Amino acid sequence: MRPWLRSTLIALAALLMLPGALAQPVRVGIVTFLSGPAAGPFGVPARNAAELMAEVLNAGSVQAPYATKGFAGNPIELVIIDEAGGTQKQVAEFRNLAPRVDMVIGYISSGDCLGIAPVAEELKKLTVLFDCGTPRIFEDASYKYVFRTGPHATLDSVSTALYLLEKHPKVQSIAGINQNYAWGQDSWADFEAAVKAMKPGIEVKTSQMTKLYSGQFGAEISTLMSSGAEVIHSSFWGGDLEGLVLQGAPRGLFQKHIVVLAAGEPAINRLGTKIPEGTIIGARGPFGPFAPDTPFARWFKNAYQERYQVAPNYASYKMAQAILGLKAAYEKAGGARPTQEQIIAAFEGLTFEGPGGPVRMTLGKGHQAVMDAAVGTAKHVGGELQIVDIKRYPADKVNPPEAVKSEAWIKSGFKSR
Amino acid sequence: MNQLLSVAFDGVVYSSWLFLMAAGLTLIYGVMRILNIAHGSFYAIGAYASATLVGAWLAAGYSVAASYLLLALSAVLVGVLLGPPLERGLLKRMYGKDEVILLLVTYAVFLILEDVIKLIWGVESKMVPEPYAALGNFQIGELIYPVYNLLLIAAAIVTGLGLAWALHRTRQGKLLLAVIHDREISAAMGIDVGRVYLATFTIGTALAALGGALTAPMVAVSPGLGVEVIVLSFAVVVIGGLGSLGGAALGALLVGVVRAAAVRYWPEVELFTIYAVMALVLIVRPRGLFAAPEARKI
Numbered sequence: 000m001r002p003w004l005r006s007t008l009i010a011l012a013a014l015l016m017l018p019g020a021l022a023q024p025v026r027v028g029i030v031t032f033l034s035g036p037a038a039g040p041f042g043v044p045a046r047n048a049a050e051l052m053a054e055v056l057n058a059g060s061v062q063a064p065y066a067t068k069g070f071a072g073n074p075i076e077l078v079i080i081d082e083a084g085g086t087q088k089q090v091a092e093f094r095n096l097a098p099r100v101d102m103v104i105g106y107i108s109s110g111d112c113l114g115i116a117p118v119a120e121e122l123k124k125l126t127v128l129f130d131c132g133t134p135r136i137f138e139d140a141s142y143k144y145v146f147r148t149g150p151h152a153t154l155d156s157v158s159t160a161l162y163l164l165e166k167h168p169k170v171q172s173i174a175g176i177n178q179n180y181a182w183g184q185d186s187w188a189d190f191e192a193a194v195k196a197m198k199p200g201i202e203v204k205t206s207q208m209t210k211l212y213s214g215q216f217g218a219e220i221s222t223l224m225s226s227g228a229e230v231i232h233s234s235f236w237g238g239d240l241e242g243l244v245l246q247g248a249p250r251g252l253f254q255k256h257i258v259v260l261a262a263g264e265p266a267i268n269r270l271g272t273k274i275p276e277g278t279i280i281g282a283r284g285p286f287g288p289f290a291p292d293t294p295f296a297r298w299f300k301n302a303y304q305e306r307y308q309v310a311p312n313y314a315s316y317k318m319a320q321a322i323l324g325l326k327a328a329y330e331k332a333g334g335a336r337p338t339q340e341q342i343i344a345a346f347e348g349l350t351f352e353g354p355g356g357p358v359r360m361t362l363g364k365g366h367q368a369v370m371d372a373a374v375g376t377a378k379h380v381g382g383e384l385q386i387v388d389i390k391r392y393p394a395d396k397v398n399p400p401e402a403v404k405s406e407a408w409i410k411s412g413f414k415s416r
Numbered sequence: 000m001n002q003l004l005s006v007a008f009d010g011v012v013y014s015s016w017l018f019l020m021a022a023g024l025t026l027i028y029g030v031m032r033i034l035n036i037a038h039g040s041f042y043a044i045g046a047y048a049s050a051t052l053v054g055a056w057l058a059a060g061y062s063v064a065a066s067y068l069l070l071a072l073s074a075v076l077v078g079v080l081l082g083p084p085l086e087r088g089l090l091k092r093m094y095g096k097d098e099v100i101l102l103l104v105t106y107a108v109f110l111i112l113e114d115v116i117k118l119i120w121g122v123e124s125k126m127v128p129e130p131y132a133a134l135g136n137f138q139i140g141e142l143i144y145p146v147y148n149l150l151l152i153a154a155a156i157v158t159g160l161g162l163a164w165a166l167h168r169t170r171q172g173k174l175l176l177a178v179i180h181d182r183e184i185s186a187a188m189g190i191d192v193g194r195v196y197l198a199t200f201t202i203g204t205a206l207a208a209l210g211g212a213l214t215a216p217m218v219a220v221s222p223g224l225g226v227e228v229i230v231l232s233f234a235v236v237v238i239g240g241l242g243s244l245g246g247a248a249l250g251a252l253l254v255g256v257v258r259a260a261a262v263r264y265w266p267e268v269e270l271f272t273i274y275a276v277m278a279l280v281l282i283v284r285p286r287g288l289f290a291a292p293e294a295r296k297i
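If you read the protein sequences in the order shown, they are chains A and B. For the first sequence, numbering that gives the first Met the number 0 gives the first residue as 0, with consecutive numbering after it. For the second sequence, numbering that gives the first Met the number 0 gives the first residue as 0, with consecutive numbering after it.
A couple of the hints might just be wrong.
Computed cross-link-like contacts, DSSO-like style, restricted to lysine-lysine with a CA-CA straight-line distance of at most 27 Å [stated by the list, open to error]: (1) B:Lys91 - A:Lys88; (2) A:Lys273 - B:Lys125; (3) B:Lys125 - A:Lys210; (4) B:Lys125 - A:Lys300; (5) A:Lys273 - A:Lys166; (6) B:Lys117 - A:Lys273.
Quick caveat, the hints were computed from the structure, so don't treat them as lab data. Since this is a predicted model, take the numbers as computed values, not measurements.
Here chain B stands alone, though its shape is the one from the complex (with noise of 0.2 Å):
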């Protein structure tokens, strides 16, 4: 039982982390058609800047109490930097040419972003593990948790139940979902589409950046960190149906407890446990879990 157990909640924490990439992705593509490449850098500026903010603040002698705001802070702090720079000063103008274009866009931003953060931080890992070990520990059964995964599972469920509450209960978040099913007709009833694609793309940021964030006190920061992470993310967000919130919640949470499954009782496997989820949800449903079905336009 306590075995179960220990699957459950491993699987759980995984799905956390994975939803917490995931949601930005598919959030940018319901709404912009975009397959940000880039999100894999936005998490891991997001790790370095996190590693960065709070290494300064635990060095300075400051609590490590404060440093999870940090952590919050740090992504908030990516989200405005590099969201609308990058939204108006190059996406803008690829807007209505064909998704290729725009995913080989966002792929060369990826690459770009790649060498940025080799310039800033160099090729040294950063590591700010305090904010990990400082909550503690609890126990299912034999086994010690750290207090800090119960944080991730919190962060990633406030991040989907708040994301759900503000695209269905505001305005906003509803002037978004008529943008997400018609741009040209949302456009000619005077929502300014610019607006929502700017505020959706910086928001979409942000969420990477938070992903990378509260990874940052868990992992050694290093190159290449984004790389593994945006292969993940599509994965997740493909099995949930691309643009799908509550699809990329279903995914994540599919993907974490299988793997730790497979890690559990068939070690062998458990590099093709994602995909095989992912081959299996697309023979039943092509286009994902919960993909809205597109209206083709004649």
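The following block holds chain A by itself, in its conformation from the complex (with noise of 0.2 Å):
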């Protein structure tokens, strides 16, 4: 055999019996809003988030303990597909994604997620729904194949209020907007049960409810502000928040109400100090300047930071958060290529911490996670917005207990059983 030849079978046996070398990849199907109204505040930042993680853990720069390279030494290979266009559209895209991909992270509209779990479930594929509210999933079905790693909408409306009557106990009078589909009737819906549960008498004024998208809200501000009502809350989100904000400042909505606005989080990079002092926000999770202070919380924010030039919002965190309990689930799975039944085995109940605190899966069979909550009032400083008078509440507090709808859990005074 030629030197040369000898040289390079030599070489290439050698790289063939390095750890890894021969992975096969994972491939993870990542479904977020790519185009339409949610892609900006939503479907970007997770995207971003989802590259971010799947670039750093495959270079092994994650801090411990997620410091293995991909998942168990196997690069991790994104496949990305946009959510617009609603969830007949979502189904067809997901039965296609499903023979490609080795599992999928994804959906931010609670329809689509809705609309995904049973088949799923069905085509026995690993999903794990990141961002999605609605307490629906685990609470109205039961699923082997399904995963939701964010916390559901309940403890943002609990927390929300919670909050709001421990800074304003003597608070008298309630009103809401918002957008009228599935998120926001459910999310004015358990605020007015919390707020009626922890302050019972209260009186709501009145409850308007917008189109999806409308952007205008001359009308509706004009009855906010004649309702008599003490407190305006909303979940709106994106342009609609946007507008909220931009309609009501100068009409003085947000100095004569206190101002709750429930996912008002991914507005704050947007409209910074346009947000008047005063206001309540919320971001659905211990998420962007909610996090906890910790070594990985401030890792990631910055990383993200650093290739975005721009603060990571609730839904890049909980992207992030998605990729990590699949990275922790299928390293404890065991092996270099564990099964999906070992690596469902292994996710079920799993703890694991994400980079805004830990993440319990103990609601929905183990299915479901709960976290922490985190709401706050925004403050100017210095010319800039800042969240202050930050208030936590242990995940028990805010989720309903294992096997109680959202709803009753709320109506009943929130016992544990």
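Fit the two chains together into the complex; they arrive one by one in their own frames, and the hints show the way.
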């Protein structure tokens, strides 16, 4: 054998013997809004977080307990799909995607989550819902192949109600302006029920349900301001939220009322000090400025900011959390290439660390995450918006117990059983 | 009393916004018999263009006062840059075909432009609230309103009266009315119908863009802006009678005031109000309030 050929073969053999040299990639489908009104506030920040996490995990540059490369040494390969187009389209997209990937992480819209979960079960494809809010996923059904690593919407409404009544215990009346679809209706219903459970006799002055993406709220703002309500609750997001602030602030909506923006965190980076002082802001969990001050949370924020020149918002945190949850389950399952069944068994009831703090998969028979909640108040400091008076609520205080529906739990006065 | 006044004012502000969009749509239909779905995209591009222009202007440290001119300028720019190429390059080849074909063509243009918007401006929303806040506020009872709302009402009145004057008091307008009445006879009488179509489409495009440009300071300009608008504009134009400028004005006023009253007194039905008005009007007058009787050629 010629010397150069022998050297080449030896080098090749040595390379093959290196652990992970022949590791097959783990193909992960990522479904998030890349177009439409939800892309800017949620979809693209989530996509960015997915790409960042895949890159740093593949490079093995994440700190412990996620220091191993990829998933158990297997590189992560993302297949990214646009969530726009409605539930019917997404179900068709999922059926196309499922055979091409090992697992799927996705879905911001609650409608999409409700549509995809039974299809994932039918196709036996491990699917992690990362952002959608409806508690109905695991309260109305039971799934083996579906997980959700972000807390559901009950946490948002209960934590903001708790915060409001702790800070303003003398409040006597509330009003709402929410988008007229599942998210807005559920958010308002939960908030109203939670406030009434905590303070019986509180008066609801008006509930404005606006068309999604309508963008103009002149008449609604007039009605809210004439209603005499002390508190205005809104779960608006995206352009509607920004429009409400831009149109409401000059008219004194935020000065004359205590305004609660349950999903206001993504607007912080965009609106800055246009959000008036005193506005109560939620982040759908301990994300963004509400994230606990841990080395891991700081690392994530800095890595994201360095790469995208903007701070991560809650959608970014929740996407990173979903990927880390899968990694934790994958590696807990053992071996270099665990089976899907082994990953699922490891995932059920798992506790893992995310950039927003500890995540416990305790609801929905171990498939639904709970987290602590955090709510704060907007304050202008040195020309910048800061979130102050942050209060944290333990997960058990803002989430229903296992096998109890959120609505019943809130109406029962938050009884543990 | 103050409450009724504020309902009326909210209604008129909303009507003004609706009319700015509906005017261009009804003009294009009246002259060209095209139900222009791309009107929503022209509105969105007007909003994006004005947000970009005004944003750059203010970032350069210039005064807010001149930014109102930029709002109007961006509408003219969009009209001139988009209208003629689309009319000459695409629609001209479709004249004489069924109205449904033309509707589908403009729907295709709408879809393409939605992606063009994404390519140019991305998916992040754009905000230029300075012109909205800079004019200050005034009060109706206890309620505070931005003076900018008055600007919106004034823009709608000037647009409506200006169009009516141009149509009925100028030679070009009368030629246009002749084309509306009968295209073939107008052509036989020596009117350059092609030029009338080109001018109409450009003005209609600029009017849609003006609606978007004047809306931009009040909202977050974000993807999908045009979708919502086109549905509302169609409803208004159908209520007023397709092709009727006066009908569009009355339709916008009806929808705006009824909607504002619903928001105040019966918010549960607010989403339904515009369609309720449309259904009621069409039951009584199936071709809309002011649709001109159409001669049937034998």
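A quick look at each hint next to the structure:
With a C-alpha separation of about 34 Å, the suggested pair Lys91 (chain B) and Lys88 (chain A) falls outside the 27 Å cut-off, and the hint is violated. With a C-alpha separation of about 14 Å, the suggested pairing of Lys273 (chain A) with Lys125 (chain B) holds against the 27 Å cut-off. For the suggested pair Lys125 (chain B) and Lys210 (chain A), the alpha carbons sit about 21 Å apart, so the restraint of at most 27 Å is met. With a C-alpha separation of about 24 Å, the suggested pairing of Lys125 (chain B) with Lys300 (chain A) holds against the 27 Å cut-off.
Distance check on the hinted pair: Lys273 (chain A) and Lys166 (chain A) sit about 22 Å apart at the alpha-carbon level, within 27 Å; holds. The straight-line distance between the Cα atoms of Lys117 (chain B) and Lys273 (chain A) is roughly 25 Å, inside the 27 Å bound, and the hint therefore holds.
Hint compliance for this structure: hint 1 alone is broken.
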